[in-house]
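Produce the complete structure using the sequences and hints provided.
Chain by chain, the residues:
Protein chains: 2
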Amino acid sequence: MNIESLLATRTSHIKASAIRELLKIATNPGMISLGGGLPSPESFPLALIEELTDKVLKKYGSAALQYDLTEGFIPLRKALIDYCKSIGITAGMEHIYITSGSQGFLDSLGKLLITPGDLVAVEGPTYLAALQAFNAYEAKYVKMETDDEGLIPESMEEVLKNHKVKFVYTVPTFQNPSGKTIKTKRREQIAEIIKKYDALLIEDDPYSALRYSGDALPTIKSMAPDNVVYVSTFSKIFAPGLRLGFFVAPEQVGRWMVIVKQGVDLNTCTYAQALATEYLTGDYLDAHVKKIISLYKPKVDVMADALKDYFPEEYKWTKPDGGMFFWVQGPNTIDMEDVSKISISKGVGFVPGKFFYPNPDDGLGTMRLNFTCVSHEQIKHAIKTIGDSIKEEKDKRGIK
Amino acid sequence: MNIESLLATRTSHIKASAIRELLKIATNPGMISLGGGLPSPESFPLALIEELTDKVLKKYGSAALQYDLTEGFIPLRKALIDYCKSIGITAGMEHIYITSGSQGFLDSLGKLLITPGDLVAVEGPTYLAALQAFNAYEAKYVKMETDDEGLIPESMEEVLKNHKVKFVYTVPTFQNPSGKTIKTKRREQIAEIIKKYDALLIEDDPYSALRYSGDALPTIKSMAPDNVVYVSTFSKIFAPGLRLGFFVAPEQVGRWMVIVKQGVDLNTCTYAQALATEYLTGDYLDAHVKKIISLYKPKVDVMADALKDYFPEEYKWTKPDGGMFFWVQGPNTIDMEDVSKISISKGVGFVPGKFFYPNPDDGLGTMRLNFTCVSHEQIKHAIKTIGDSIKEEKDKRGIK
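So the protein lines, in turn, are chains A and B.
According to the working numbering, the first sequence is numbered sequentially starting from 116.
According to the working numbering, the second sequence is numbered sequentially starting from 116.
Each hint should be verified, as a subset may be incorrect.
It does not matter which identical chain is used: a pair holds within one copy or between any two.
[Said to hold, decoys possible] Here are the simulated lysine to any residue pairs, SDA-like style, with alpha carbons at most 25 Å apart:
no., residue 1, residue 2
1, 276, 124
2, 193, 209
3, 509, 448
4, 412, 163
5, 170, 399
6, 311, 156
7, 456, 514
8, 255, 127
9, 300, 273
10, 255, 230
11, 255, 493
12, 200, 436
13, 174, 144
14, 311, 260
15, 405, 457
16, 311, 122
17, 311, 121
18, 174, 160
19, 310, 123
No wet-lab data here; the hints were simulated from the structure.
The structure is reproduced here in structure tokens:
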């Protein structure tokens, strides 16, 4: 039987994620990878699991192993009311929904809203797995311009004025891939514009808890609650293997999302939700996040120093205030995919930045460098290797 | 912001599941429900969880909490090689994939194969959540006829001859909703026809481990391995709240499914997969399944006796050899939805059978009765109440 002959037309829009393929190479023995977006295994609260298990079994018993509401495990949704409050979002349980990772949110959102050919406004560059989720529903993209402070509000307004977009998708804090953060003033402008056009904005916020310097910023959700869906995840503050995300939305949006999600997975793993409930309601989160930050923060410094030492001076970057990535911008005369081939042959992987643009002709000279899943020594070695690979590629092309 | 104005055209095909809505009523205090398809909480190996947790933490450590391959947790896929062997399916790891419940499989399958308007061949009646998964991709259905021994091979051949269907979907053993089982002879005929037409058949098999009488039957997969995708779940033999399903497919099909699933949830809950691995590879499964059977088997007898005692004699049913449901067939002059309204008012819920047909005008006089999640006393009381409700509806309509 030939499966290719049976594929849906949409399937031609679904491709293997470049990152996933690179991650496969990254697992080759001896390879050092700055390519993934994996939290460090050291950041997981492994020592807590038995304690949490005990609490879950005592408190919820068999309910933690049963089918559950598509909306999410009620004790977890209740616990998230307080968590949301702590990050400045006022929400009742009727606004809070659990998904199978934030990826589960992105998939259901695409399914709910995107008719083939519909436009989605995204930052260039943007989160690759969001494109992957929306591609499956045959979305088209309009790029919103960014600078060192992230999304440019005027560009977003231009897009909303000239295009009928289904929604705006943004990662405002420590963006994946760019590490950039939209400051408060711009957030206010963005909220005003979204309200003015009565449009829908998705605020994807997986990283804001991982802040190494500077002060926490208000969410766009808090500034335009009726027009913004806020989505986040337990992957960075608890463990990604539990596959738990959540979103905060106007109730009407939540209800529609639930209907869509029913057909996708009935409900998100009840047992993982119960563990997360006890993690949130116990006195664990703050202490544990501090521990994660103390693990990651020095790595930022090590990578910044290494970039200074080993990269050609025309390559620019900004030290991120948080999150998991450095974004490096070089001249577009050198395609970073060529450089990555050289560095992989030397045992070091990273993701060329062009993969994060809806149009892959953009961002040829850019790259995303992850620092969370490697040691200080590995960071130095990897940055030196990539620096050498850039120089090799320059020599090959006769660029000085 | 008005979300209705942003919905995709496909969304009009997505409706809240009738069962889910009925389940909501079923959770009203004091309500006895034969409506769901929930395993009994007593069937969960709650006492094992601490032991399994201990093993998972020792064996896999932080890997059980990390992102993982979309294909599934490798130790679980390896463990499933032996499990498949035990049910007569020869498969290597490259044929075995993990999904977020079997619902996750159905969703990815629909996404991979169904272009709006494509035909899927289904039994009438069929599994409601499969229709729900495929509806989201705007499938159309061709009904294959069934009798007391399930799917009629000649009807399937007729459908394959006259229609271009993307795939055939069947639940051959203790079908949800009908409880019916296709015997070996018919399975052989079905396998031959599928090979003859070089078509794709989905063998959904959640219940075969729950056999209360008679001998195990060979899978259709074992008879036509290149044309059949076998899908099953841990929901009935371990716990549904873990949301773990798996499928066995030709490698080419598996690879495509993985590409689709990447965008849906990246990977299924790693931690739940690790627990299931230890459950499968430890010496737990056989003993535990025996325990589940000893819990459910007497309920079958209680329900059969109660139906004999309390239902009008024109209502027919067959005592199922396994699974979780009785299917009752009455005259189509009485719509079971009307009866269910009466019985709900008396505190007893069930699902009218018509919801399980692709065309809801079919099966007006049918009903599905679940017996796993209720006590013996509740079964008797519920069947008496539904019997009374039928008589009330008959009286109302002047039917003798």
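- Would you pick out the hints that fail for this structure and give their numbers low to high? 6, 11 and 15
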